[in-house]
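K.L.:
Residue numbers (the working numbering), protein chains in the order written: chain A, 22 to 365; chain B, 834 to 1157; chain C, 184 to 477; chain D, 19 to 564.
Hints are computed from structural coordinates only; laboratory data are not their basis.
Do not rely on the hints blindly, as some may be mistaken.
As the list claims (entries may be wrong) - No more than 25 Å apart at the CA atoms, straight line, and that leaves these computed lysine-lysine pairs for DSS-like:
1. A:Lys64 - D:Lys406
2. A:Lys64 - D:Lys497
3. C:Lys246 - D:Lys268
4. A:Lys64 - D:Lys186
5. D:Lys361 - C:Lys246
6. A:Lys64 - D:Lys328
7. B:Lys907 - A:Lys145
None of the values given here were measured: they were computed from a predicted structure.
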Amino acid sequence: MTLRTYVISRILLTIPMIFILLTMVFLVIRVLPGDPVLLHFEKQENPAAMEEMRHRLGLDRPLWVQYFDYVAGLFRGDLGESMQDYSSVTQQILSAFPATLELAIFSMIIAVSIGIFLGVEASKGYGKTRDNVIRVFGIVTYAIPVFFLGMVFQMVFGLGLHWLPVGLRLPPRMDLPSGLNVGSLHFSTGLYTIDGLLEGNVYKFVEALRYLALPSLTLGLVLSGVFIRLTRSNMFETLRLDYVTAARARGLSETTVTYGYALRNAFLPVLTMMGLQFATLLGGAILTETTFSWPGLGRYIVDRINFRDYTAIQGAVVFFGIFVSVVSLVVDLLYAYLDPRIRL
Amino acid sequence: MVSQPLLSVNGLTVEYWARRGKVRAVEDVSFSIDKSETLGVVGESGCGKSTLGLSLMRLVPYPGRIVKGKILLKGRDVLGFSASEMRNLRGKDISYVFQDPMTSLNPVKKIGAHFVELIRAHEPRVSEKDAVVRTRKLLRDVGIQSERIGDYPHQLSGGMRQRVMIALAIALNPSLVIADEPTTALDVIVQAKILDLLNALRDTYGMALVLITHDLSIVLERSDRIIVMYAGHMVEYARSEDIYRNPQHPYTQGLLKAIPNVELDEQTLNAIAGSPPDLLNLPKGCRFWPRCYCAKEKCREEEPRLTCTGPDHYVRCGKYEEGE
Amino acid sequence: MDEPKVKKSMLSSLIPGLSSLSQRGLAGWLVVLGFIMVASIVVVTAISPWVVPYNPSQINVGKPLLSPNSQFLFGTNDLGQDVFSRVLSGGGIMLEVSILSVIICLLIGVPLGLFSSYAGGVVDRFFCLIMDSIYAFPGLVLAIAIAAMLGRGVTNMALSIAVVYVPSYFRVIRSQVLSIKEMPYVEAANAAGAKGRTVLSRYIFPNVVPSIVVVATVNFADAILTAAGLTFIGLGVSVDIPDWGWDLTNGRRLLSSGAWWVIAYPGLMIILLALGFTLMGEGLSEMANPRLRE
Amino acid sequence: MKDTKAIGRMTIVGIVIVIIIIAGVAGYYFTMPTTKLKETLVMGTTDSVESCLDPARAYDYFGWEIIQSLGCGLVEYKAGATGSVDDIVPSLAASWNVSDDGLVWTFNLKQGVKYEDGTEFNATHVKYTFDRGIGIDDEDGAFVGIGYGGIINNVTVTSTYVAKFYLKIPFAAFLSLLACQASYIVDPAYAPMTSVVVYAEGNARGSHPMGLGPYKLANWTRTAGKDYEMRLEANANYWNASGGYPKTKKMILKFYADSTGLALAIQAQEIDIAFRQLGATDINTMKTNTNLKVWEGTGAFIQYLVLQEKYAPFNNTIIRQAVGAAINRTTIVDTVFLGQAQKLYSMIPIGMFGHTDAFLTLGDPNYTKTRELLADLGYNETNKLSFKLWYETSGHYPSSPQQAQVLKSSLEASGVIAVTLDYADWPSFRTHRQNEDMDAYILGWYPDYIDPDDYIQPFVDSSGGSWIHHNYNNSEMDKLIAWARGNTTAAARSSLYSQIQNLMVEDCPMIPTYQGSAYAVTTLKIKGVYLDITQSWRHWLLYAEE
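The shape of chain A in the complex, shown without the other chains (with noise of 0.2 Å):
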């Protein structure tokens, strides 16, 4: 099947799955027990009040009216209004996201390079000590909670060494980094590490890298596991496989023979896990973002709990859900363009 035919399909299988998502955070957040305006309010004594309130969010209207009024704001990116501040979720949860985000991508790159390192150089001797070893080491990360590994190097290496900031973003007295600013047009990505050089101003840069350093690798460190697996076993298939004995008999060194020949098959299943992985990236996240108050999308979901904000928790599931979504499709068409059998 062609490119164009394969991309087609693939979001076209995307859709539902967004839907059923959709449909589901909207059960399990309406449906469920617990009357919102009531929890809103300090003193219950004001049923106009109240009535006003749940006029405004719209609860006063039949479920399935409910439910086109949330799926057509979908459409227009409005995810309502907090009912804690009644400020505009979708501004909220696009304040949060580029710190979830730079925090994802970093524990991302992490994990996949610790896990493809590891992964290949267990693949050099199967079943041997050092084999053994990777593996276990990478059933171990998976056992950890991350939270746990978040709070353990706080104490080592922040409270303990010194070496890393356990908490924040940035430096406190440090301006946030503004961007890229040219004359009058201005452009920010959120990511600190990006705007700092797009301010150029390395120093930020580096400041905001170190802030990173711990969140990341904790989170990275808990998920390279599944990518030393992953890459463990493929790698096993592939070096067995004829062209790469093949590639040795043409006298091909052996770094050539393993990135060039064994990893760069065994990658694309690994790349598929990216995809996969995000997910749980995303939750192991959250935890993260509450160990090293990191003010990401994780944290907000959690407070708002703590508010019991329906509109807020059901726009942040489904901003998570989707995204989630758009990333393994983006991933994916990558695969497919990666994967010359697909291509064409």
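Position chains B, C and D against the provided structure of chain A, taking the given hints into account.
P.N.:
Positioned in the frame of chain A, the structure of chains B, C and D alone reads:
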């Protein structure tokens, strides 16, 4: 007269160390090849002929290893080579054509890339451009339009891929090419073509050829000498016409009988009864006796030695041991 | 005719595996090791009421925040409770939640998987779509949302975790069934006109069991970690029951005062438990489908 | 030449890399900020503005803290106040007087006071402020919460600089009410009459209606509905600018998710000031830290145990007293707060006039009394009085789970009481309170205005205390409260309050447990920290000393 052979193998023994014990896939094999001559290696699957082929390039897959023997290429002991020396040797002095062309090319690399990579790995000073030029010529030599240089393996037919493999094998015109069942994965018409191509190239490039196959008929007319292997042993080693006219080992005779003979209108095709032994628990004595029509008490007791029964004719069978 | 043979080959991947572990190399040892870890933790938690040196919920058994010493092996927490006693008896919640959630998953995922894949066609496609969309979703996020809506308590935690992991059961079962459906003896049975239910229960289900065991084992670890996560963001259980999850959460406030022992020990226990199950799962799965065995 | 081509590529790559590295290192040192500005202080907190900075709605500690720096009231408490009326000093009002019936208050305003944008302040703005606050009648807001509508009848402007307040009831605590941040004057130019001013991204000035305060809001960034960064800059038009206020020109406020983050930051000296809410253990560790100064102050925050009188067991006064006698306040203060709090035996905080240790008569604890009281009702070691004690888990009050555990153990120490703990996040907790389905629950109270009335009327007055839903009402109590409110002489009021407190002990509708102390931690060079009973955090008095 003592002219040094291109490759001479002496008492080569290869073992696989599986969890359940050691397996001798190749045991005490000795032979030699001269420049631009063809050696056929024949035997049922699992007789160790592929292992033999690979071991010549020290590519025996884990957990196998060469435990005994000597491999002399132009007088230099290959087993003594360092890793880098081996790399230089592989593909440049000896090259290998694998059984299944479908899986022998890197699916994510273009055809051309394979060549360029190979050439520049061995001749780093060659520029990309020149490498490409050479590649086009090589492809033409093996009968593929050079436009295919930009294709991916999966875009080529099996036969074409095998041609590519061959082209790769001869790219640095090595003195020896080992072809391991180069045609079994292909359909009959293509088979002949590929084999002829190999022969043609052998003549033009003047290289020696080791042709490994399970099909005696293929090697009979195409090779100068033939090794017949059974259960890791070299049971007979002789010039092909000797093998054809006077096969001495019962197994060889069996193989010959199994070839459909066109001249005879009266067909008596009788395959050898039974199946090769499990290398993990070999029968005591001669490894072939359970299937041998003329097995004697002695065969069950002691393992026969390789005996010379004529000019360049060696057999491993009790019948021909002196004292008979 | 060759039904018994196939059946055996599937099951043998498991039962003899357990019997003759040592020959299974690393895989075998993984299972043994994991089993020992889990078993010992379960036992400790079970007998803890009789062996704890102090009542784990009793405050001020010692001064607050004593570092580990001869009297309090693991030190004391901010309320002067004995960390050691709490570590011994704190596994209850984790185990309850994980066991419960795995049971729920089995009860929902397995039948659904069997049915859907055996029925095939539209039904199958429908279920797959739903399961995939749950599966693709950030598990913890979903669990948190559901748990937050359901409110506190072991059952609710287990439920919210189960929802997230049912798909992984579903998928495994399904892929298994699809392959087994093609097995000659199943087709023979179908040809012989056996009823769908019979085929499912007598021919297919027994062969799915090994992979179910594997999934469940691995899932235990996930369940435990998720439960810990839920507790960490305050969706756990009431504080008068000692619980590692809560101790970790609580210990976080004490981090800045350097009281490492308050979190270290409960943290390690959670790791041990999760690790135990992961090791078992790893070993079992390698036995069930020996891809890389020589 | 083939080679040169190959080599060429390599060298180019190499050169590029080298250049990047050099540029990077150079850039790093070039852009490294030079020594930090003296006139800027960085303060860290775990607080965050809950809804907005508009007095018409803001009803949270931090919202008020900022409002106080951006705005001004007619009167204010002088730094170091103890809560007595004499501590209330003129701010925007130069002087004032009250009619004998206590129903009419007249304020003469300072003249020539300007808003930060230079417009003149006058009496109409006073009227505007209160009409607006009462008019908007925001259910979440302080005007409703405190019940301005029930106190103020209307405000009139008699001349440019004279405003008159007509009250519905004689209200002794009126000055303290005006001193609280909800009564701060708003700038009509920025405060629409009928709607609340909320956070506007990228528009700090438009995000609040104040403008008479020592500071201007230079920048306010919220992410994820929480404060992310705030910058205060001196307001040149502040009426007391001539007096050298604010002492520090710039204030940067940094927001931490939790006490741990804040503690780590101040320990690393990344910030100059850490205020609210550091954990008790953190305070202790920092007391031993020679690079930090720990400031301690009286707190006006109290916590107490509410007993649901709607149904058994606590519909029985004896049982309530029995429980009241079984509270071990020492363990709460020492174990949960490591001594950084005070045992509280009255709803009126220690250090405020009218306070008596009324509940001490029940004992602290007096388990024999508990046993006796319960024995008559047939409770004993075998048949224990058992009930559910609820706590909240949203961090709305400091270390609620710990308190709950301590309370449980102290109650059970009596041997005749069995407590099971249950919890809910704050909103659900509130709803449970409304539904009146919690046997006993922990609540806390930050004062609105600093007066005994604010610690009595909202709790045990049948109308004022209805929000607690403890179903306690006692006409006798209501009468006493009304008198205490109306009376203007401090002496008479304190005697009334002591009667009220004794009556509370008899009825035991709620049991005070402790009074929090306020703590701030700063680096050694920071001066001008005042932690008095008003709970006000006065940014404009803070300064760093060389």
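K.L.:
Hint by hint, note whether the structure agrees.
P.N.:
Now the hints, each set against the structure:
Between the alpha carbons of Lys64 of chain A and Lys406 of chain D the distance comes to roughly 23 Å, so the proposed pair stays at or under 25 Å and holds. Under the criterion of a C-alpha separation no larger than 25 Å, the hint pairing Lys64 of chain A with Lys497 of chain D is consistent with the structure, at around 24 Å. Annotation: proposed proximity of Lys246 of chain C to Lys268 of chain D is violated, straight-line Cα distance about 44 Å (limit 25 Å). A threshold of 25 Å between alpha carbons decides the hint, and for Lys64 of chain A with Lys186 of chain D the separation of about 23 Å falls inside it, so the pair holds.
Taking the CA atoms of Lys361 of chain D and Lys246 of chain C, the gap is near 20 Å; set against the 25 Å cutoff, the hint holds. Note on Lys64 of chain A and Lys328 of chain D: the hinted pairing holds, with a Cα-Cα distance of about 18 Å set against a maximum of 25 Å. A hinted pair counts as satisfied when its Cα atoms are at most 25 Å apart, and Lys907 of chain B with Lys145 of chain A does not qualify at roughly 32 Å.
Of the numbered hints listed earlier, those contradicted by the structure are 3 and 7.
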